[in-house]
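Line by line, the protein sequences are chains A and B.
Quick note: the first sequence uses my numbering, first residue 1, plus one each step.
Quick note: the second sequence uses my numbering, first residue 1, plus one each step.
FYI, nobody ran anything at the bench for these hints, they're computed from the structure.
Watch out, some of these pointers could steer you wrong.
Some, not all, of what chain B presents toward chain A, calculated at C-beta under 7 Å [what the hints assert, rightly or not]: (1) Y77; (2) T90; (3) L234; (4) P367; (5) S393; (6) A415; (7) D423; (8) V427; (9) L429.
Quick caveat, the model's predicted, so the values are computed rather than measured.
No residue lacks a Cβ here, since even glycine has one placed at the ideal position from N, Cα and C.
There are 2 protein chains.
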Amino acid sequence: MLRIITQKTEAEAELRRICDRIHDDQMIHKEATVSEVIQTVRRKGDAALLHYTAEFDRQDITQAELRVSGAELDAAYQQVNSELLKAIETAHARIEAFHRQRVPKSWVQFADKDVVLGKRYTPVDIAGIYIPGGKASYPSTVLMNAVPAMVAGVKRVVMVTPPGGSKTINPAILVAAQVAGVEEIYRVGGAQAIAALAYGTETIPNVDVITGPGNVYVTLAKKQVYGRVGIDSLAGPSEVLIIADKTANPVYVATDMLAQAEHDQMAAAILITTDARLATRVTEEVERLLEQHPRRLLTEKAIAHYGLVVVVENLKIAADLSNLFAPEHLELEVEEPWDLLDSIRHAGAIFLGHATPEAVGDYLAGPNHTLPTSGAARYASALGVETFMKHSSLIQYTPEALKEVAGAIALLTEAEGLPSHGDSVRVRLEDI
Amino acid sequence: MLRIITQKTEAEAELRRICDRIHDDQMIHKEATVSEVIQTVRRKGDAALLHYTAEFDRQDITQAELRVSGAELDAAYQQVNSELLKAIETAHARIEAFHRQRVPKSWVQFADKDVVLGKRYTPVDIAGIYIPGGKASYPSTVLMNAVPAMVAGVKRVVMVTPPGGSKTINPAILVAAQVAGVEEIYRVGGAQAIAALAYGTETIPNVDVITGPGNVYVTLAKKQVYGRVGIDSLAGPSEVLIIADKTANPVYVATDMLAQAEHDQMAAAILITTDARLATRVTEEVERLLEQHPRRLLTEKAIAHYGLVVVVENLKIAADLSNLFAPEHLELEVEEPWDLLDSIRHAGAIFLGHATPEAVGDYLAGPNHTLPTSGAARYASALGVETFMKHSSLIQYTPEALKEVAGAIALLTEAEGLPSHGDSVRVRLEDI
Chain A
1 MLRIITQKTE AEAELRRICD RIHDDQMIHK EATVSEVIQT VRRKGDAALL
51 HYTAEFDRQD ITQAELRVSG AELDAAYQQV NSELLKAIET AHARIEAFHR
101 QRVPKSWVQF ADKDVVLGKR YTPVDIAGIY IPGGKASYPS TVLMNAVPAM
151 VAGVKRVVMV TPPGGSKTIN PAILVAAQVA GVEEIYRVGG AQAIAALAYG
201 TETIPNVDVI TGPGNVYVTL AKKQVYGRVG IDSLAGPSEV LIIADKTANP
251 VYVATDMLAQ AEHDQMAAAI LITTDARLAT RVTEEVERLL EQHPRRLLTE
301 KAIAHYGLVV VVENLKIAAD LSNLFAPEHL ELEVEEPWDL LDSIRHAGAI
351 FLGHATPEAV GDYLAGPNHT LPTSGAARYA SALGVETFMK HSSLIQYTPE
401 ALKEVAGAIA LLTEAEGLPS HGDSVRVRLE DI
Chain B
1 MLRIITQKTE AEAELRRICD RIHDDQMIHK EATVSEVIQT VRRKGDAALL
51 HYTAEFDRQD ITQAELRVSG AELDAAYQQV NSELLKAIET AHARIEAFHR
101 QRVPKSWVQF ADKDVVLGKR YTPVDIAGIY IPGGKASYPS TVLMNAVPAM
151 VAGVKRVVMV TPPGGSKTIN PAILVAAQVA GVEEIYRVGG AQAIAALAYG
201 TETIPNVDVI TGPGNVYVTL AKKQVYGRVG IDSLAGPSEV LIIADKTANP
251 VYVATDMLAQ AEHDQMAAAI LITTDARLAT RVTEEVERLL EQHPRRLLTE
301 KAIAHYGLVV VVENLKIAAD LSNLFAPEHL ELEVEEPWDL LDSIRHAGAI
351 FLGHATPEAV GDYLAGPNHT LPTSGAARYA SALGVETFMK HSSLIQYTPE
401 ALKEVAGAIA LLTEAEGLPS HGDSVRVRLE DI
């Protein structure tokens, strides 16, 4: 079922098809729905949130129930066993430690004795985190979004997540939020939650930045409100690309591919290998593991549509194909992964060597698991502390410094036809 | 004509109105036009570019004329006088020196003896720079976009700009591009140029990141192609907010306000001062200067609609109002600007003291003049080298390190219902 391709041009075409799998025109008709939801929330506030929650999530909540109560937050700790709590705390500590490194710092300096230049970094005032509901309701997602906001120094971090059956929210989500320091949580999801965070309602504050993954409606809503607020990225379905040589273990490779495919029927799992025998053994192993997979149907669909094995002549070609795809996750299951790294130009996260499955990065290695998908690694990076910060340029001139550049500025303002720009320098020089 | 407000709540309402001046619903009907242009360029390539250039720019160019020729690039040097060339070179040198500072660097480290973590920074492969035509065709814009791309190490930087009369392009633009090292220039503008950069045509390559300002069609097109490519920001009309105390010179303040207003009839110029007498003198001075302004009509409109003077009791209130507005440019024309800085949370660029008009930053102080507008300084920063770079997270575990975290990962994968994630760790531990 997993196809093996040996032709480079065929591989390129397949990689392009898989990379483009969400740039489908089927999204276009959903844009109008999302736009209507956003406009309605802007006009009607909380009332619209309750209406859409009843319509889309089939949960009748009241305005007072929008915010998750302190009692519910407390109760969540009772519903999560102490071992899981400890695992969440372990993950939190490691993610925090990584994100605390190289946080942008303000600086100023004298460019010369009469000129001060610098950059001043500050956190956003309020951040909003979207956490999906249903099957994809993950405590790890909470940590990966909340920790960088907290490390950035954001004073107010709010979370939105849709209610499940009986209006409840997954207790592991509520516990993870509290471990990360987030206690302002609203029971609303979908495009309506994004609209609420962008424009504010009676209950929910409008925020400066919205982060977090979601379904296609959430993603389209984030794109529509971008510009009114900042967003992290437009997340698509997950993907892994594995480069393997003859030293790779076919069982590891096959399991890693399934660990990607089991997310979602749109997930992609790609192997590029220099070893034809490995290619065959991995496909056999994938087949075997699928038979007993608890999420078989969905996983099988992902493998059938977006699974791929490519056999290439050498690792240089493997790296070229990987750069074309610009994978979210790249595993280098080769003898010398650090040597191969030099040929890699685009990837969200890179897992080096045979003992580093993507799962360590998904949960607790430290680096963020919110990564660019669908080729966005060509220009974008992991979610990070920077997502919740911005800087102001700082400029100070003395009259003497201004005098020195006045001639050049006069010529440029003249060339651009902006007289008052020139005057703003000129009037200041009349006084010295 | 310039209104003076002394009531804080009225000032807040006015600042909100001015901040929201482009979030008008009049943009919505333009979205469909832009979407059609993009789809047509995707389908028809160069032919669509020639068609739209004839329709929108009234210039009949051929496919061969899309790319600016080497002869035209050479000729531009003859049309720019040597003093202006020198001014462009001076600006280039200063902008480059600033952007070369603190360029993100890759790093790796041992998180413990069995775990390597890091970040690997790389430039994008191809960047596309949009330069407006007509009245707003500025060589400074070319430098501010091209320099950070070059400093980032982008191998291929292409520029697009619409043709003016007789199909020509402003020679100062062509010279500035060459000074910055950009020689691949295409004669096309508007939404069609953005579509070409996002999807590619027979002549124009598809790029990874598009930067640069433009009219509302260009901005809407950038928003629509965002996700397919990276973009710098959604630029709105320019704005300055000046905080001044009694030490400020009313002529400086008035000239700085006009230097903003002369850009565009949507530009905003705001003064917040603790000195009522200064407020009156600035309004008088603005009135006087407007009478003889070479761009009077447009500048007067901007001042009438989006000019504002607010008198406040103290500098703390001035800072609060400024933070509400989150200005693109903030001038601190006060006695102790560095003290006031502590109260400022959001601003694109901050100009400190009486001898630092915004114009020095617009042209050659060094920091980028492409800044967040319309309140986007709450979450966004100046265009920079980072706009043209991205990083990959690096993770390497040894089997021993993996063993240590296996328990926590197993619990988390179970809680999230992702069995193969757990298996991907488990199979690796069977071998040690």
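Structure-based check of each hint:
Checking B:Y77 against chain A by beta carbon gives a least distance of about 14 Å; that is not within 7 Å, so the hint is violated. Annotation: B:T90 was flagged as interfacial toward chain A, and the flag holds, the nearest CB pair being 5 Å apart, inside 7 Å. Annotation: B:L234 was flagged as interfacial toward chain A, and the flag holds, the nearest CB pair being 4 Å apart, inside 7 Å. Interface restraint check: B:P367 against chain A, minimum CB-CB distance 4 Å, threshold 7 Å, status holds.
Checking B:S393 against chain A: minimum C-beta separation of about 4 Å stays under 7 Å; hint holds. Below 7 Å, beta-carbon pairs count as interface contacts, and B:A415 has one with chain A at about 5 Å; its hint therefore holds. Taking 7 Å as the C-beta cut-off, the interface hint given for B:D423 holds, the closest approach to chain A being about 5 Å. The beta carbon of B:V427 comes within 5 Å of a beta carbon in chain A, closer than 7 Å, and the hint placing it at the interface holds.
Interface hint at B:L429: violated, since its Cβ lies 9 Å from the closest Cβ of chain A, which is beyond the 7 Å cut-off.
When each numbered hint is compared with the structure, violations occur for hints 1, 9.
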